[in-house]
Amino acid sequence: MKRVIVSSEPISAEVALAGLSDLGGGAVSSFTGISRDDGGVTAIELEHYCGMTEASLLRLIDEAFARWALLGAAIVHRVGRVAVGEQVVVVGAASRHRADALEATAFLIDRLKTDAPFWKKEHYSDGTSVWVDAKATDNDRSARWT
Amino acid sequence: MRLVYFAAVREAIGIAFEDLDLPTHLRTIEDAIDWLAAQSSGHALAFQDKARLRFALDQEMVPADSALGDAGELAIFPPVTGG
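Protein chains in written order, with my numbering: chain A, 500 to 645; chain B, 3 to 85.
Chain B on its own, in the form it takes in the complex (with noise of 0.2 Å):
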């Protein structure tokens, strides 16, 4: 799966997108983010509150229970702020 970082969170973990092969048991994207929190430093810290982050799944915002499917891109992010 591609994740995709933006922001703080893109800053915090000191690159744009990687490709990672996720364990087949996580579900959601509340458990890839957990296992991805394992994976450095900056992913922890990147997501250490995780009340603050938002999500998109194949470039959908969806909420953080959300299944991971078959979904080919996830992307992490803090909440929006254009305009």
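Bound conformation, chain A alone (with noise of 0.2 Å):
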């Protein structure tokens, strides 16, 4: 099972994650984004690459498969505008042992952050907002996987 979902409207683990543990498996590992308040953000605004999302989303997901034994694996990600506490992206991934589905979710995540065509705005309390800066803390966590 692959699930790639881009969605305007508010996202649910639940939902996205939803089938993973029916796949035969004996583990199911789950990583979900939240929007969070870092200093008088009162929500965020995600901009994204039509298509290229999707694929390149698909794209890790298919080089998860090759990389672990995965029975499963789920990329769900929210764009638009996202008050503060919502979800912002649920990763998951199905194995039947836990290394494989553990070391997949850490790789997707890690992944998307580098390589997905998302970017993120905050809106702050008094009318102003800023793009956000790629950390570098970002690109030193997705070259582990390369």
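These aren't lab readings, by the way, just hints derived from the structure by calculation.
Some clues are possibly wrong.
As the list claims (entries may be wrong) - Straight-line distance between alpha carbons at most 27 Å, and here's what the computed DSSO-like set of lysine-lysine pairs gives:
{"no.": "1", "chain 1": "A", "residue 1": "Lys634", "chain 2": "A", "residue 2": "Lys620"}
{"no.": "2", "chain 1": "B", "residue 1": "Lys52", "chain 2": "A", "residue 2": "Lys501"}
{"no.": "3", "chain 1": "B", "residue 1": "Lys52", "chain 2": "A", "residue 2": "Lys634"}
In this text the structure is predicted, and so the values were computed from the model without any measurement.
Please assemble the complex out of the two chains, which come individually in their own frames, going by the hints.
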């Protein structure tokens, strides 16, 4: 099972991961990213490259399937305006044993951060907004998997 | 060629995409950026810090020295920040 969804409506881990536990494996691992209040942030806004986004996420899943013994994987990513506290991204993987699912989950979120064409803007309570800078630590984490 | 802009690059130029006939002597993405930067003050502003630009040719991420070839779409954007 391979699932990629880019949604302008609220997402939930429960829906994103539905079915992963019914694939006959013994392990499901997941990561959920949540919009957080970094010093007065009221919402974030996510822009993406429609078409390339879906293709790049599916390619990450294909790569994960090639590297680990997976039964299923899912990436669900929110776009548009996301209020603080709402889910931004859910990544999940299912496998027979836990190591494959755990490592694949880390791979998927680490590489998503550097490879998938999303851009995040923070909106503040005083009405200002700022595009978020890419983090060197994200590049380091992603590079672990190459 | 269709030029597609995202995030701060899109805001600086003021449009999401444009279809332009690039001069045929432009060989690489870097060549195209230098030419585009001379087209308007918005383009110049968007492309002033070239080290912070990333590119996709026909929706594949590629480095700045890549040949334009016969690609139909060049996207120009800041480093990605999803997740």
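Quick rundown of the hints versus the structure:
1. Taken as a hint, the A:Lys634 and A:Lys620 pair is honoured in the structure, with Cα atoms around 14 Å apart against an allowance of 27 Å.
2. Restraint check for B:Lys52 and A:Lys501: the C-alpha separation of about 37 Å exceeds 27 Å, so the hint is violated.
3. Straight-line distance between C-alpha atoms of B:Lys52 and A:Lys634 comes to about 18 Å, which keeps the hinted pair within the 27 Å bound.
Checked against the numbered hints listed earlier, the structure breaks hint 2 alone; every other hint is satisfied.
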